[in-house]
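Q: The chain contents come next:
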Amino acid sequence: MNRRTFLKIAGLSSFSLASGCSDPQKNLFSLVEHPDDMVTGQASWYATTCRECPAGCGVLARNREGRVVKLEGNPKHPVNRGALCMRGQAALQGVYHPARLRAPMLREGTRWRETSFAEAEALVKERIGNAAAQGPRRIRMLTETVGGTLMSLFRSTLHGWRSEKPVVFEPFAYESLRAANEIVFGIDGLFSYRMEEADVLVSFGADFLETWLSPVEYARKFKEMHAFSEKGKGVFFSVGAYQSLTCANADLWIGCHPGGEAAVALGLVREALEAGRGGHLRDFIRSTILQTAREYTPAHVTRVAGVEPERYQSLVRRLLAADRPLVLGTGSGDCGENALQTNVAANLLNFILDPDLRRIDFDRRYRVETAGRRSDIIAFFQKAKEERDEVLLLYQVNPVYHMPAEGAVNRAFARKGPFKVSFSAFMDETAEKADLVFPVQLPLESWDDYAGASGFISLQQPAMGSLTDAPCLGDLFLRLGAGNSDQPPDYRSYLAERHMRRGTISSEKRWLLALRDGGVEAPVTSRERSQLVPYKVMDDFHTLAEPNDGALVFAAAPSIRFFDGRGANRPWLAEIPDPITKVAWQTPVLVHPDTLRQNGLAQGDIVKLQSRQASLEAMIYEADSVRPNLLLMSIGQGHTAMGRYAEGEGQNPLKLLPSGADPRHGGAFFSIDPVTIHSAGLRRELAHTDGSRIQHGRKIALTLSTEELDAGRPVEREGLTMWDFPLTLPLPEGYDSHRDFYPPHEHAGYRWSMTVDLDRCIGCGACAAACYAENNLGVVGEQEIINGREMSWLRVERYHDPSAMEKIIFLPMLCQHCDNAPCESVCPVYAPHHNKEGLNNQIYNRCIGTRFCAQNCPYKVRRFNWYTWQWPKPLNLQLNPDVTVRSKGVMEKCSFCIQRIKDAHNTAKNENRPIADGEVIPACVQTCPTGALVFGNLMDPNSRVRNLAEDRRAYQVMGYLNTKPAVIYLKKVVQAV
Amino acid sequence: MQDPASIDPEGGISRNRWAILLTVATVLLTAGFLFFFYAYPHLKMGPEQPIPFSHRLHAGHKNIQCQFCHPYVGRSKHPGLPAVEKCLYCHNYIIANHLWIKKEHEYFNTRTPTPWKKVYYLPEHVLFNHQRHILKDLACQECHGKVEAQDRLAGERFKMGFCIGCHRERGANIGCWLACHS
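Here the protein sequences line up with chains A and B, keeping their order.
Position one of the first sequence corresponds to residue 1 (our numbering), numbered consecutively onward.
Position one of the second sequence corresponds to residue 978 (our numbering), numbered consecutively onward.
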């Protein structure tokens, strides 16, 4: 180095020293007035209701210093009992979304002008006043499913304007199921099912683990009947043209042609009647049903539906032998034109096999039944007239996205005449076509009530201060409708008064208790079921279409991640991969390998799909989980608006689907045929997170058959090979001088450990979402996932069985906190470090980023920060203040939620006692809908985790490496059916 | 190779005048920077606060308990700062018309949080739990110094050695995650 260079460097470094080491500007802001329920440094919890889908789970919102940082299920809530799905976890990202509108936007020609809330309110009032003065029915409203109180306010306000009650729009409105319920039971509604009591469950597409009616509730109930216990294990058959996540959890998938479900269901009806079941039915009913079902002999069913005869036979055998059978109909997005017949036949099956219908709770009805049929929605838009001075109010609905091909919708939005107001917090596709976008408070910020299922009214209270000046919609309606009648001053009083008036809440004290608990029980009104009218039932089968066995069918499936698309802008949901394909951010089209071969295509090719309606370009994902003549895409992405994280990500399969509604039940079409598939000549890399689809014979996700279980505990083997290596607990007694190089670790009172019951894991990914929320994990985006740089501390791995690719096993993989941790021994700076309670700590400030540890970790759970990940404001307000935000160049991984362990230590020390079993609940364990994860102290011989670790199903993933993992897995129990 | 005799020492200095000047300037700048950054006398007093609140007067002379203004110190990680209204509980009566108390009133009336300057500084990746330390009968002064003797708090940039030294001495938890980080 010459002198000149030295001086340059010396000069520069003194400047960088001067600029780099100054304190960041730090202020401590004191409050002006002190709220009673806030202690700095401690969380306040508010019970409220999740409104990410119509199920209405109860949540507890964790508020730290005035902002909500985490949502957890409310254990007292009858719907979800403490659990929450990934969409519920991600609700926070809606509140803190950077693209959330902070002020109303008024259209001026082709441009938007930001206006004030007062001005916007005055404008709405003026337009409504003018329209109402012109004549009746001039103010028309379309809303998402809302609670009883808000609906009554809507009705009375609209009534004051001489207009009709609002129409409820849900893209998944279960029209065919409701129609079938009316035909068979005489009630046009959606009942709940006592699935937990069943011993044999058959689903004709009902995706009850993902979106159907109330997924968290049914995930719990499903595992109550299906998880292995001493009492045995229920059997679940799934019939359909593709494997949804629900279907992947079935004991047997009975693949059929698209639309073939009805034939299978009718075949089962025939077999049941032929076997002499349904004796309680009157003879003429029996014979009428049999008349219709007679031709569905096993040979006929296997031919027209394309099912494998052995599988069909086993379904018939198990269903007829069942003590407590339950049959469910089609899914949220009905597949095919035979949906109504499938649902009717499913209802009939229940009626025949279960004379008292004990597993259907007719009194507990889902709120989503208030939604209008798709045909009603189309009629709503058809009424929009050019010449009329009318106002269209849209609340939390996005018909432009959901009904892209619908002429009535497009015409209504193209018309200048109606004044269209969208009460949306985001500039979505519908808001973009409105005249005024009026953002209102989101559910976590406002007062309301909502009963997802009758019997319990869940209350909603502001869990945080409002981030914007937007008003609560209830308050706005009270002000808009002022003068109609003498109404309470604000929506909170309106809500409380309504409940007091109706007697659901008797006093002010009860009101406070209900707010604390999350809701209040409400009496249900029982409705008498009508008698079955056989000719009415059987009429529907005249229109039964032949299942499609030739031409390519395209279907759009509801997505566990985005529901109908309303959650598409939550970055966690896009980042956490789809449970079946393990593809994040993108929307590939799933194609069967045979179809690919016939068309000369391969995974990753971009293809052009062409239907009568439109065409779409999508990437191919080779999938054994669809039938050869089905092309499948999931609904939710492909937004052309809605802002960051949604806009331009993925594809919208709804574009390809036909417009209109099925005349028999008024439902939408979620599939279309024929479609054509052509290569677009381009390829793209899939953003998938799985390294391989199969396990390559390694000891990763294991199963155990019921026969092996019946054979009793196997002989403990003591070898060093993959299958001989014994289960070795990460405790001093697991030390063996012949095997171990390092001395044993001594632990001080606690050795934290987790058990994962693979028999209970349904692969839903709620745990992964909870981890993102709790531990400030970075969102990396599509390109970095392709580069393999995702940051998930916990991922759910999906493995196919190479001998039968349709058999899928899920395995949540997280840091195993090994006793002999391979990461610890290779770090040059001792950044991974074994602490006295057995945790493998990653010391971020020691880490220099060599990545040796990640290289040496056999579980691939360590994540390197290739960049300093960004939380665009105000998403950063969601960050958990108890967890350090890592920056570029640092390795990180699961900490077993050390912040929660520390909190438990703190409480226990204050009370001068040891930590009790079950007191430490990491975020993933807390949210699991099926209770697959258990956490606790392995040194406590009575802890749940210790008992499970001694279960005969217990094993360690790749335990033969002698890592002595502290995450103990329980083998999935598989049964031959 | 140049003949050494031909080098004119005077000429050498004048030829290298700029380089020497730059060196001298760099040294002076660095020394000046280090002085102002670490040793400037004003720093000892701590930063100027939006309201010249005196800990010497309140905690020392008037002998008000620390916990009166920092109420959560025994039951939370953070000790808590007094809300503006809390100052006014007393100062509505005591020197209510003082210039600075009027400013406090202005904060209250305009609902502005007081932007106090932070003086005790811990890096972000350290999570200090006040409750644990207070319940171990540690006096506030053991870490914060003689607060009751200072008008304007000088504060402290805590370093890891300070924590570890004490934790070792008292046999307290020194697990990286279990004690301080997460």
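The hints are simulated quantities; they were obtained by calculation from the structure and are not laboratory data.
We put the CB at the ideal spot given by N, CA and C, even for glycine.
Check the hints yourself; a few may be wrong.
Ranges between beta-carbon positions, derived for each pair [unchecked claim]: (1) B:Tyr1070 <-> A:Val829: 56 to 64 Å; (2) B:Leu1115 <-> A:Glu119: 52 to 60 Å; (3) A:Phe29 <-> B:Tyr1070: 23 to 31 Å; (4) B:Gly1142 <-> A:Asp740: 30 to 38 Å; (5) A:Pro488 <-> B:Asn1040: 24 to 32 Å.
Calculated lysine-lysine pairs in the DSS-like style (CA-CA distance at most 27 Å, straight line) [as the list claims (entries may be wrong)]: (6) A:Lys26 <-> A:Lys860; (7) B:Lys1123 <-> A:Lys233; (8) A:Lys433 <-> B:Lys1113.
Q: Work down the list of hints and note, for each, if the structure agrees.
A: Going through the hints against the structure:
Under the hint 56 to 64 Å, the C-beta atoms of Tyr1070 (chain B) and Val829 (chain A), about 59 Å apart, fit the expected range. Our hint of 52 to 60 Å for Leu1115 (chain B) and Glu119 (chain A) holds, since their Cβ atoms are close to 57 Å apart. As the Cβ distance of Phe29 (chain A) to Tyr1070 (chain B) is approximately 26 Å, the hint placing it in 23 to 31 Å holds. In this structure the hint that Gly1142 (chain B) and Asp740 (chain A) lie 30 to 38 Å apart at CB holds, the actual value being about 35 Å.
Checked against the given bound of 24 to 32 Å, the beta carbons of Pro488 (chain A) and Asn1040 (chain B), roughly 50 Å apart, lie outside it. Taking the CA atoms of Lys26 (chain A) and Lys860 (chain A), the gap is about 38 Å. The hint is violated against a cut of 27 Å. Note on Lys1123 (chain B) and Lys233 (chain A): the hinted pairing is violated, with a Cα-Cα distance of about 68 Å set against a maximum of 27 Å. A threshold of 27 Å between alpha carbons decides the hint, and for Lys433 (chain A) with Lys1113 (chain B) the separation of about 63 Å lies outside it, so the pair is violated.
Violated hints, in rising order: 5, 6, 7 and 8; the structure is consistent with all others.
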